[in-house]
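Go ahead and model the full structure; you've got the sequences and the hints to work with.
Per the numbering used here, residue 469 is the first one in the sequence shown, and the count goes up by one each step.
Bear in mind the hints are in silico, worked out from the structure with no lab data behind them. Treat the hints with caution; some may be incorrect.
Said to hold, decoys possible - Label-pair restraints from in silico Cβ distances:
| hint | residue 1 | residue 2 | range |
| --- | --- | --- | --- |
| 1 | 635 | 666 | 45 to 55 Å |
| 2 | 598 | 721 | 43 to 53 Å |
| 3 | 632 | 547 | 16 to 26 Å |
| 4 | 520 | 740 | 13 to 23 Å |
| 5 | 605 | 723 | 18 to 28 Å |
| 6 | 572 | 635 | 23 to 33 Å |
| 7 | 545 | 753 | 31 to 41 Å |
For glycine and all other residues, C-beta sits at the position ideal for the given N, C-alpha and C.
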Amino acid sequence: MTDGRGDGGTRSRRPAGRRRPWTFERLTPYLMVLPVIAILAVFRLYPLVLGINFSFTGDGVLNGQFIGLDNYAYLLQDERFQASARNVVVVLLFVPIQVFFAGILATFIYLKVPGHRFYRSVYFLPVVLSPIIIGAIFNIILAANGPLNGTLSTIRIPSVDWLGLPETALPTVLVVHIWATFGMAFTIFLAGFATLDAQLLDAAKIDGANLWQQIVHVIIPSLSQTIQFVFVTTTIGMLTGLFALLYTMTAGGPGAASYLPEFLIWKLNGESRPALASAASVFLLAIVLVIGLIQIRVLRRATKEA
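Structure representation (structure tokens):
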């Protein structure tokens, strides 16, 4: 007689502590990702480790000599670094603007407003343009005697030196950056909308929910992971992808008013201070990691409460 489990049940049992053998089928997923891991290790992780190690050495006559935390202490007292650190706060204030701008436009496209097929293509167009070209175009538009100030003067609004004043230089570059890059976040939102359950929206409409209620109570919770991803990637893009526009439009000026860490890294390297530039790079990496982790935690709570 049997206990009802049969031979299959007996064979499925494995002695305690015995591990599953490494068959070809079990190894296949690891072998598939191995080339990518190797590329990342060689071209990303190894240079990162070298850069961190290099940041503890000196420049000039002290080239290659271990000096501990002297580079980091020097940066904390450097006016350009202090300006770039303050400007990071300004950048972070513009991140929600870009995310909201891309998200609301993607929502209208998803709801198929008139002309949505045309707008879907137009919104992504600036992304394929070179930042150098975009910077050159907006240098002309934003010049003191350029078209924008000319338009303002016709409606009796005083002209503004958009790129020449410390108060307006960086915000102006950030606005141009948002225009040039929001298409990528817009596309990611559209991909997120492709996974949205349309029946939830239909049910909300039947229950009498207006557009704002649909966005707050249906769309935002359903796209919580997409929103988190867009926030983090937008932050990284703003902190590490503004160099070309800064170089073309303001060159970090006036003074150090539009300096950001990545621009400071380039300047320090151009001044033959690569170890100090490496220390600034480590600071930038730490800033991105800390801000990214904080954003993920805050957004998880916010989207769950929504």
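Hints, verified against the model:
1. 635 to 666: 45 to 55 Å: Since residue 635 and residue 666 have Cβ atoms about 46 Å apart, the given range 45 to 55 Å holds.
2. 598 to 721: 43 to 53 Å: violated, 22 Å
3. 632 to 547: 16 to 26 Å: holds, 20 Å
4. 520 to 740: 13 to 23 Å: holds, 20 Å
5. 605 to 723: 18 to 28 Å: holds, 25 Å
6. 572 to 635: 23 to 33 Å: holds, 28 Å
7. 545 to 753: 31 to 41 Å: Between residue 545 and residue 753, where Cβ atoms are some 21 Å apart, the hint is violated.
Checked against the numbered hints given earlier, the structure breaks hints 2, 7 and satisfies all the rest.
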